[in-house]
Amino acid sequence: MNAQFPIATTLKYNFPSPKETLQLHQLPKHFIELSLQSLKQTKHQQILPTKKTTTQFSTHQRPQPPIPTTELLTLTPNPTTTNIVAIDVSSVKLGETKTGILLGVRGAVVWKNPDHYRYLRLGPFPFHITRHIENRIRRLYHQNHAASYLQENSIPQAYFIQSRLTTLLERWIQSSIAHTTHNSIILWDGSLTAGTTETSVSTMQELLATARSNRNIILAFSKMTRLSLQGFRLTDLIKHTPPCLLRIKEYTDCIGPLRLMGNVYVAKFTKGSFAFRMDADKQLPSVRVVDAVQNLLGNDLILQSYPETLRLAHIFSTFTAIEVLGLQRCIIQKSNLKVVTKLNMHRLLFGRFGKGPEG
Amino acid sequence: MRLYKKEGATVQIISFPNEKVRKGDYLAIEDSKREESLIVQVIDMEYANIPGILEELLRNCNGDSSIEASIEGEDVDPFEVAAHVRYIQDARLLICKIRASTHKGKLIPTGFALPARSYARIRNISVSELLPCPSDKNGYPMRLGEIAEKKHLDVDVRALDGALNIITGKKGTGKSHIAKLLTLSLISHGAPVVILDLNGEYVRLGQNTKGEPNEFYSKIHVLTPKQNFKITLEQMRIRVLLNILVNVLHLPGTSAREFRRIWHFLEQKDALTIEELGEAIKNWRCNQHVRDALFSRYYTLLNSGLFTDNPAQATSLEDSLDRVRSGGAIVLNLQNESTTNRHILVEYVLGKLVELLTTWRLRAIFLFAEEAHLYLRETYWDDIVTRMRHFGVFTTFITNQPDTIRENIYRQVDNLFVLNFTNEHDLDPISRAARVDACTVKSIVRDLLPHHCLVLGKVVNDFPIIVKIRNLNVQMMGQTRLFFLNKDLQVNSIKR
Chain G
1 MNAQFPIATT LKYNFPSPKE TLQLHQLPKH FIELSLQSLK QTKHQQILPT
51 KKTTTQFSTH QRPQPPIPTT ELLTLTPNPT TTNIVAIDVS SVKLGETKTG
101 ILLGVRGAVV WKNPDHYRYL RLGPFPFHIT RHIENRIRRL YHQNHAASYL
151 QENSIPQAYF IQSRLTTLLE RWIQSSIAHT THNSIILWDG SLTAGTTETS
201 VSTMQELLAT ARSNRNIILA FSKMTRLSLQ GFRLTDLIKH TPPCLLRIKE
251 YTDCIGPLRL MGNVYVAKFT KGSFAFRMDA DKQLPSVRVV DAVQNLLGND
301 LILQSYPETL RLAHIFSTFT AIEVLGLQRC IIQKSNLKVV TKLNMHRLLF
351 GRFGKGPEG
Chain P
360 MRLYKKEGAT VQIISFPNEK VRKGDYLAIE DSKREESLIV QVIDMEYANI
410 PGILEELLRN CNGDSSIEAS IEGEDVDPFE VAAHVRYIQD ARLLICKIRA
460 STHKGKLIPT GFALPARSYA RIRNISVSEL LPCPSDKNGY PMRLGEIAEK
510 KHLDVDVRAL DGALNIITGK KGTGKSHIAK LLTLSLISHG APVVILDLNG
560 EYVRLGQNTK GEPNEFYSKI HVLTPKQNFK ITLEQMRIRV LLNILVNVLH
610 LPGTSAREFR RIWHFLEQKD ALTIEELGEA IKNWRCNQHV RDALFSRYYT
660 LLNSGLFTDN PAQATSLEDS LDRVRSGGAI VLNLQNESTT NRHILVEYVL
710 GKLVELLTTW RLRAIFLFAE EAHLYLRETY WDDIVTRMRH FGVFTTFITN
760 QPDTIRENIY RQVDNLFVLN FTNEHDLDPI SRAARVDACT VKSIVRDLLP
810 HHCLVLGKVV NDFPIIVKIR NLNVQMMGQT RLFFLNKDLQ VNSIKR
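Line by line, the protein sequences are chains G and P. When the first sequence is numbered by our numbering, its final residue is 359 and no position is left out of the sequence of numbers. When the second sequence is numbered by our numbering, its final residue is 855 and no position is left out of the sequence of numbers.
Quick caveat, the hints were computed from the structure, so don't treat them as lab data. Every value quoted in this text rests on a predicted model; they were computed, and no experiment measured them. Heads up, a few of these hints could be off.
Okay, derived cross-link-like pairs now, DSBU-like style, lysine-lysine, Cα gap no bigger than 30 Å in a straight line [as the list claims (entries may be wrong)]: (1) K334/G x K392/P; (2) K530/P x K364/P; (3) K392/P x K338/G; (4) K801/P x K529/P; (5) K585/P x K569/P; (6) K641/P x K827/P; (7) K529/P x K338/G; (8) K365/P x K338/G; (9) K338/G x K282/G; (10) K463/P x K364/P; (11) K379/P x K509/P; (12) K827/P x K392/P; (13) K379/P x K334/G; (14) K530/P x K827/P; (15) K382/P x K585/P; (16) K364/P x K334/G; (17) K569/P x K379/P; (18) K817/P x K338/G; (19) K271/G x K282/G; (20) K801/P x K641/P; (21) K365/P x K628/P.
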């Protein structure tokens, strides 16, 4: 632990306490230590700040194979009081140094109680990703999530490191919530697909099992999907009067290394053109999923077919441009970095005709 | 602070929350490599246009909508990034005007320097660095008041010499207070002053706040028409009287010619009295209409009560001016006078002043004219600011209606003392003053606090400065009479 930064790592936290039997509670401490360690590597370097501050990384956008048949399930909102929890994590590239890249990661949890919303924001955590830190991230990652096919000695690109850091925090928050919450609907951003570089099958199984054991139901909403059926985008298939679900049946569990751990639905909760892919735990009977969705409809505000709790989680985790500037300033001050402007080769070579990306 | 942009004479500077800058402050943008700097003045402050600010505010607002109001939460921010975000969020954009530049430490009144944006250092500079403080040895210091750094602003009273000044501001902001301050400063340095006192505010300038005589008591001479200020026809020259008759009482040209003949007739007879004038008009052989016209003007003069045939009752303005020759003020109290009488009196006084100045019986005079549009005829404005200035009449106009002063007068103004104005229409005429740009006036003046004044012109070496006008130990008189403040007194007096 680097003592240079006067940061109290334990007293200030108010994370939802995970089960003691799990070692996951070690993660935030490791996460901060890793962040501090990584920033130590930036001392007195030059930084090329990222100008496109709105480009943020999001997981769960992997193309999926087509699914054969559908079943329409009409829904009736059930106002029986049910707690709803939503989780989302965002990361953003802050800039580049000679030895690596600078990232910021933040997670958000939003609880919908009967009369109000409550949020917990974790972070932002700044990281300086260098080769040295990559190895540490990989080790920490594998301690928590045994990736299914990634080789230890493979060299992950910055894209994957960013994605992996994001997933690391996201899975930890999801796990903590699954352990500490009971009889609730847990909303995730993304899908229940495992076997990816970020999420192993065992990790996903464990998360779903924990949630089930605490009588929680995880519903994962994807804002974008490339799944199609009979030449139509999946989310375009649903033409029925909302609220309704379109269950995609008889879909294969395995596509190469990928495993779909949930049943896939198309959800259309309100009038309008918006519909989303929704994944629900495959181990749960369809009727329970429908009940959970009806409870969601009866307890949460639904705007444009999207649950407000999850929308808020997304909003609270996302980095605004001003936060990116704030993070950059924080890192520059803590590590005494010198900001330099990266040459735009497109502009340099082609003058006004250089339309390539800047920075 | 960081230099952001320069457009023409406007410079934009990013200022962060821990930097104390206020409107009106001066900043030096220093380029140490080239040994030059730009002197700029902050005329406005805005929020810096930071990307994502709207999203940030929307996300963190606790608005009135049911959802937003019901969101509460907690942030775990181990790296205290929020402080950095707030720091950026609260960054301000300072809109500054270039006032001067320096090269190798020498002040140049134009802003020719363009400091490097990448490394230029920006620092606050005090007014004392711009304005040399006059002392009794090297000038005639006049303490105007307090400036931003809790320091006093001393200026050289010589800046009022030969100058045309305007004091303006909305009602109740302290225009008369500044006029009194200038008057007393001029008197203390031995200058003669004539005040055209419309509301009787200056009559107790020789008394302190307790009503006791102050150091200026013997130097203030109040002339109240019909009481201690009456004139004989002989004192009034034909030229002045004809001006009054033609310009104030609108006597037609033909009648004016007849009047001139009558005057010469009386002069030859050595009978220039108001009574003889009446008799002469009565017996004068002329057209009946002319006679009627002359008679109507004669009765106006007679009924004004300003004229006397008794030389013992008459006041010699020459003698009064002699008494203030080495420092003092003649206050012409116009408070209870009719419009016509005011016009007659002002015409007489100004005519007399020009006469004395042209014959070098007077070296120069400082004239303070409050709400001059109420008693100064149209043609006199140009006369005062051009011709009479050359004779040595240095005028200070005091008004709360800036549009009553003509644009050409603003263009020739040497010193401008502007107090608060809220209405932009009021600021339009002032912003035409050649001594300053319109943006400065409009931006600074609307935010001036009571008793704070924006001083422009020669008196501050053309560096616009905001000053809190100092208190004076004189009876102010100018305060508005209030009903509710005196209600208890009224009740008491009724009981008695």
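Status of the hints after comparison with the structure:
| no. | hint | result |
| --- | --- | --- |
| 1 | K334/G x K392/P | holds (29 Å) |
| 2 | K530/P x K364/P | violated (38 Å) |
| 3 | K392/P x K338/G | holds (21 Å) |
| 4 | K801/P x K529/P | holds (14 Å) |
| 5 | K585/P x K569/P | holds (28 Å) |
| 6 | K641/P x K827/P | violated (60 Å) |
| 7 | K529/P x K338/G | violated (52 Å) |
| 8 | K365/P x K338/G | holds (25 Å) |
| 9 | K338/G x K282/G | violated (51 Å) |
| 10 | K463/P x K364/P | holds (24 Å) |
| 11 | K379/P x K509/P | holds (14 Å) |
| 12 | K827/P x K392/P | violated (37 Å) |
| 13 | K379/P x K334/G | holds (24 Å) |
| 14 | K530/P x K827/P | holds (17 Å) |
| 15 | K382/P x K585/P | violated (49 Å) |
| 16 | K364/P x K334/G | holds (28 Å) |
| 17 | K569/P x K379/P | violated (40 Å) |
| 18 | K817/P x K338/G | violated (46 Å) |
| 19 | K271/G x K282/G | holds (28 Å) |
| 20 | K801/P x K641/P | violated (59 Å) |
| 21 | K365/P x K628/P | violated (76 Å) |
Checked against the numbered hints listed earlier, the structure breaks hints 2, 6, 7, 9, 12, 15, 17, 18, 20, 21; every other hint is satisfied.
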